[in-house]
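Engineer: Given only the sequences and the hints, what does the whole structure look like? Please build it.
Protein chains in written order, with the working numbering: chain A, 1 to 106; chain B, 1001 to 1103.
Just so you know, these hints were derived from the structure itself, not from any lab.
Warning: the hint list may mix true and false statements.
[As the list claims (entries may be wrong)] Ranges between beta-carbon positions, derived for each pair:
#: 1; chain 1: B; residue 1: Phe1050; chain 2: A; residue 2: Phe17; range: 21 to 29 angstroms
#: 2; chain 1: A; residue 1: Ile6; chain 2: B; residue 2: Val1011; range: 31 to 39 angstroms
#: 3; chain 1: B; residue 1: Gly1056; chain 2: A; residue 2: Lys25; range: 34 to 42 angstroms
[Claimed, not checked] Derived lysine-lysine pairs resembling DSS-like cross-links, with alpha carbons at most 30 angstroms apart:
#: 4; chain 1: A; residue 1: Lys30; chain 2: A; residue 2: Lys99
#: 5; chain 1: A; residue 1: Lys99; chain 2: B; residue 2: Lys1096
#: 6; chain 1: A; residue 1: Lys25; chain 2: B; residue 2: Lys1096
#: 7; chain 1: B; residue 1: Lys1023; chain 2: A; residue 2: Lys25
#: 8; chain 1: A; residue 1: Lys30; chain 2: B; residue 2: Lys1024
#: 9; chain 1: A; residue 1: Lys23; chain 2: A; residue 2: Lys99
#: 10; chain 1: B; residue 1: Lys1096; chain 2: B; residue 2: Lys1023
We put the CB at the ideal spot given by N, CA and C, even for glycine.
Listed here are the chains, written in short residue letters.
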Amino acid sequence: MKEYTILAVFSIFLAIFADLVLKTKLIRNKRFWIFWGVMFILIFIVNGYLTWRPVVIYGNEFFMNIRLFTIPIEDFLYGFGLITLNIVIWEYCTRKFTKRSESKIT
Amino acid sequence: MKAEYLIVLAVSFIAPFILSFSKKMDFYKYSLRLILSLGIPFVLFVVWDFIVTSRGHWSFNPNYIIGLRVFNLPIEEILFFLIIPFCGIFTWESVKYFTRNYK
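Structural biologist: Set out below in C-alpha cells:
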C-alpha cells in the first residue's frame, strides 16, 4: 500500500471515529449522504481543475495512480475525511450550544 | 498565470461567503462553533500537509502560485484548508435547509 493511500483511508476512519465518539450520528443520516452527493460534484469541479492544469503534481511512488478524470482517488477519500470531520464538529457544537442557550431561557 | 490557485479558491469562496449571511441560516450564531469546526481539522491537515509535502507526496506548480510560502507550503495551500471546509459547512447548512421537511 502506498503512503498517501494509507493516510487518506486513515482520515476517513478518523472522521467516522469522531462521529461515533461525539454521537453526531451523521453516517446514519440520509441528509448527510445527500450532502455528499452535492459535495462530490463541487469537489470534482474544483479538484478537477487543480489536477488538470496541474496546479498540484503528485509523487508517483506515494499514490496508486488510479484517477477519476485527472483526480487521484485518494483525493476523494481525503476530502471526505476532512470535510466530514468539519461537519461532525460543527454538528456537535450546534447541539451543545443550542442546549445551553435553551437552558438559559428556562 | 501565477494567481490561478488563488483564483480557484476565491471563486469557490465568494458565493458561499456572501450567502452565509442569509437570515435563513444562523451561520454566525455561535462564533466558537465556526472556529472549532474549521480550526481543529485545519491544524491536523496542515501538519499532515507540511510532513507529506516534504516527503514528496505532492508539489505545487510554480507557474500557478503567487510564491508566498510558509515553510514548504504555498500560502494558497494553507488557505485551502480554511476555504474549502467553509464551503463544505455552508453546503451542509444549505442541504439541511432545503431538506428541512425531509425525514
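Engineer: Evaluate each hint against the coordinates.
Structural biologist: Okay, the hints, checked on the actual structure:
no.	hint	verdict
1	B:Phe1050 - A:Phe17: 21 to 29 angstroms	23 angstroms, holds
2	A:Ile6 - B:Val1011: 31 to 39 angstroms	32 angstroms, holds
3	B:Gly1056 - A:Lys25: 34 to 42 angstroms	39 angstroms, holds
4	A:Lys30 - A:Lys99	23 angstroms, holds
5	A:Lys99 - B:Lys1096	19 angstroms, holds
6	A:Lys25 - B:Lys1096	15 angstroms, holds
7	B:Lys1023 - A:Lys25	27 angstroms, holds
8	A:Lys30 - B:Lys1024	22 angstroms, holds
9	A:Lys23 - A:Lys99	15 angstroms, holds
10	B:Lys1096 - B:Lys1023	14 angstroms, holds
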